[in-house]
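Residue numbers (the working numbering), protein chains in the order written: chain W, 1 to 250; chain Z, 251 to 590.
Careful: at least some of the hints might be erroneous.
Stated by the list, open to error - Quick list of simulated restraints, FRET-style, between CB atoms:
1. Z:A291 - W:S104: 54 to 64 Å
2. Z:V574 - W:Y11: 57 to 67 Å
3. W:E55 - Z:L372: 22 to 32 Å
As the list claims (entries may be wrong) - A few chain Z positions that, by computed beta-carbon distances, are all more than 10 Å from chain W:
4. F422
5. L471
6. M484
7. I490
Stated by the list, open to error - Footprint (simulated), chain Z over chain W, 3 or more residues, beta carbon under 8 Å:
8. 17–26
9. 193–207
Read the hints as simulated data drawn from the structure, not as lab findings.
Even glycine gets a Cβ: it sits at the ideal position worked out from N, Cα and C.
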Amino acid sequence: MIRIENVKKSYTSDVQIGPLNIQIPKAGLTSLIGPNGAGKSTALLMIGRLLDLDEGQISVANLDIATSKSRDLAKILTILRQENHFVTRLTVRQLAGFGRFPYSKGRLTQQDEEIVSKYIDFLDLTALEHRYLDELSGGQRQRAYVAMVLCQETEYVLLDEPLNNLDVARSVQMMEHLKYAAAEFGRTILTVLHDINFAAKYSDRICAMKNGQIAAYGTVAEIMQPEILTDIFETKIEIIQGPYGPIAVY
Amino acid sequence: MAKNAAPQTAGFESFQTRHLSNKLWTWPFVAALIAVLALGAISLFTGVYDIQGQADGREMFFTTRVPRTASLMLTGAAMAMAGLVMQLVTQNRLVEPTTTGTIEWSGLGLLFVYLLFPAPSLLLRMTGAILFSFIGTMLFFLLLRRVRLRSSLIVPIIGMMLGAVISAVSTFIGLLFQMTQNIESWYIGSFSNVQMGRYEYLWLIVLVTVLVFICADRLTLAGLGQDVATSLGMNYNRIIFVGTALISLAVGIVAAVIGNLPFLGLIVPNIVSMFRGDDLRSNLPWVCLLGMGTIMACDILSRVLIMPFEIPVSLILGTVGSVVFILILLKQRRSPQTPR
């Protein structure tokens, strides 16, 4: 379980995130949605210990992220930010192999190699595994990073906008993979998404944020309500029932 | 997913070979090793003094030729390695000891030692050079934290500006205390003074290489950025600190014993990266080897071009290096991934 208690982060006196209070149960896919600047990424970065909190406490699987060793946290929690600019010339397989770093410190065992192969195959990167990252498209590179994160085999996986740079087909595929990883490997996946309908179709729970606060949190059916979404995005949003569940129309 | 089914099953059959892609002892590596050894042999037998004809030829061979070739190999490896580690730590391909001010700082360190101690020993000078290059490189990294786009050209520009300021300070101090000769001869790195008894500290570079090798995976990870490294449980700041210390050791030792050797750290790692990527552990032998080969080739040129005189090797390195620097810039401009 991810437990967030009274967490605050202030950038300036005007821009403040929190106090946030939320508990995200184990297993399943939870999406963070909300308008730009709502504090979704900030919240995610704080849970992933990439950003210090000003106040409050966050614990993941009963480990306080502020006091636990980063080394230990790396075995239960991983976070992937939006793509960074520098493209290291590593092959897909080398990158994915670094996902095993918390366990093997760089010297991959046979077992590590098998795990790496498993996730490379899982993300359809088999044919690309010996290609360098800078020779891939943005979407392929994104999948390579996700492969690395999955290779870490942590129970908790945090992803900041994993659908960036992906076309519709690749987005659907990515969400299918994540959904599958949550269901079959029992992972707890927390992801920031911009597209409400992607969140609705693939999430188990949705957490909506606005102005640095949690505006709504619940199951897809609970959050996909016209009043709630209209209020959060300050845009007229209607919900219609589509073949795969509720669809937001704006 | 269906269209990828074929490579998936094929992947299982070739499972044993899938991860063996980064072997060291390949034919190209053996060929490069032989080429470097050949260059070493040529270097040993290049010179004005006739070591085969003269009576004391054998003695001369061991007092000057062997030390010179050994120090060429050691410094070549050291500067190439320092460049590579710097490029990973800063996440910028255009960074190396001369484009970050590291070399200039070590020059300033040397100068301070000359100021504080009359006739300082080599060990003292080396300590000054190492200490100052460490401070300078750390300062540069601190400045870098304020730059948002790390892969941009701004990074080496900041570095070179910083270096220019430091070398101006050195020149000023030199003028003030009438030590300009010391500085000028230092800025033109050359191996012509190397002989037995004057170069032995360079062997410390072997130790530095071993340490870099031990930290190799962590340094490669640092190249993926602070976020990825932290998420994988690594102490990012510590590895940056260790990396900087190792760079400063290598650069400081070379600066005290030989002098300023520009661009070697830029050319070699970039060429290796083009062919073999950025995995430090499997590339380190290549980088060291190519570093040795490049500097030996340049040094042999510097000795034969105007025989019986010598051109300082740093001039040749500078000429070759700036051409490669421009080529890398042009290549980066063309690749679509590079942000502007």
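Here is how each hint holds up against the structure:
1. Checked against the given bound of 54 to 64 Å, the beta carbons of A291 of chain Z and S104 of chain W, roughly 41 Å apart, lie outside it.
2. Between V574 of chain Z and Y11 of chain W the beta carbons are some 43 Å apart, a value that contradicts the proposed interval 57 to 67 Å.
3. The supplied range of 22 to 32 Å is broken by E55 of chain W and L372 of chain Z, whose beta-carbon atoms lie about 55 Å from each other.
4. The claim that F422 of chain Z lies off the interface holds: its Cβ sits roughly 36 Å from the closest Cβ of chain W, which is beyond the 10 Å cut-off.
5. A beta-carbon of chain W is positioned within 10 Å of the beta-carbon of L471 of chain Z; the least distance is around 6 Å.
6. For M484 of chain Z, the shortest C-beta to C-beta distance to chain W comes to about 7 Å, within the 10 Å cut-off, and the non-interface label is violated.
7. Against the 10 Å criterion, I490 of chain Z stays outside the reach of chain W, whose nearest CB is about 15 Å from its own CB.
8. Coverage of the segment 17–26 of chain W by chain Z is violated in this model, with 0 residues showing a Cβ closer than 8 Å to a Cβ of that chain against a need of three.
9. Evaluation of the coverage hint for the segment 193–207 of chain W: breached, as 0 residues show C-beta separations to chain Z shorter than 8 Å, against a requirement of three.
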